[in-house]
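Going line by line, the protein sequences match chains A and B. For the first sequence, the residue numbers in this note's numbering are 232 to 473. For the second sequence, the residue numbers in this note's numbering are 2 to 60.
Keep in mind that the hints were calculated from the coordinates and are not lab data. From a predicted model like this one, the values you see are computed outputs, not experimental measurements. Beta carbons are placed, not taken as given, at the ideal position from N, Cα and C, and that holds for glycine. Hints may contain errors.
Quick look at which bits of chain B chain A covers, simulated, 3 or more residues with Cβ under 8 Å [said to hold, decoys possible]:
id, region
1, 22-31
2, 35-42
One side only, chain B facing chain A, incomplete, derived with CB under 10 Å [what the hints assert, rightly or not]:
id, residue
3, A19
4, R48
5, A52
Read off the chains here:
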Amino acid sequence: MGPGLFCDHCSGFVLLRLRNIPLPALAVAAVVLMGTALALIFFYAPIDADQGLSQKIFYIHVPIALTAYACFAWGAWKAFLHLWKRPPGADLESYVAIHQGVIFGALTLLTGSIWARISWGHWWAWSSNQLVTFLILFLFYSAYFMLRYSVEPGPARANMCAVYALFGVVLIPVSWLSIRIAKDYIHPTVFTTNGPQMSGSMFLAFCVSWAALLTLAGTMYRVELAGKRLDSRLRELRELLA
Amino acid sequence: MSASEKYVAAAYLVVFVAVLAWIAIIAAKLARLERDASELTELARRRAEHADEREKVSV
């Protein structure tokens, strides 16, 4: 295994260390992938025979939802690391990842509602388990910020937030599996045990779109983290100079 | 423009606007950090000048 493939700072086993990629390269990759994804979605992937043009929302809605899950999972992983090995900055990284997750979660709900309106005729369906469990997940992590900003900064706040972030991660598989467990026929199931239920060109457009959104989320995570770190260093400097 | 086209455009536009809003918020934060950094640099410079003057007086 190459040196770039295994994390040394107790960040676990990941395919690539995000922090090793220069931020401008990551941003350029996000823009290129986003452009490629849009070209594939609108000029390469065929129009769905059943849903027609509205199925194109699938290529943005599902990757955004999966990216939100990934952000929440990353935030929970960082929270776990904070509680386990206490590396410096894990609490801040967990907070920023959850913030990204909430942004992508809100976008999932918005794009999903638009798709629901054109496909089902209404903006929301309380009978759909996947929608409701995703809303619960989103509200749970939205409440994370209420907890964080209601406690004085310090180790106690970091520990409380880490425990909260870890509890929330349980909702991810529940949200993902809810449609399969409850046999929900309103919300379509595209990924089954028999593989993706779509043509090769559709699957390619979906994969590129997901890669683009993951790269975009990674870029946003890195930018926000750099801003937060800079802010904290400036605050420290202000205290030293005071 | 058909209804489907309008809804597809709306879905993609929502994402585009959200990313733009995020960029605007980050830009505003960056401007604040830049102001803070300039303020602190000025404070540090004045401190250094003050320390130099004190050294000269004591000599």
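Hints versus structure:
1. 22-31: Held - the region 22-31 of chain B has 4 residues with a Cβ nearer than 8 Å to chain A, which meets the minimum of three.
2. 35-42: holds (count 3)
3. A19: holds (6 Å)
4. R48: holds (7 Å)
5. A52: violated (13 Å)
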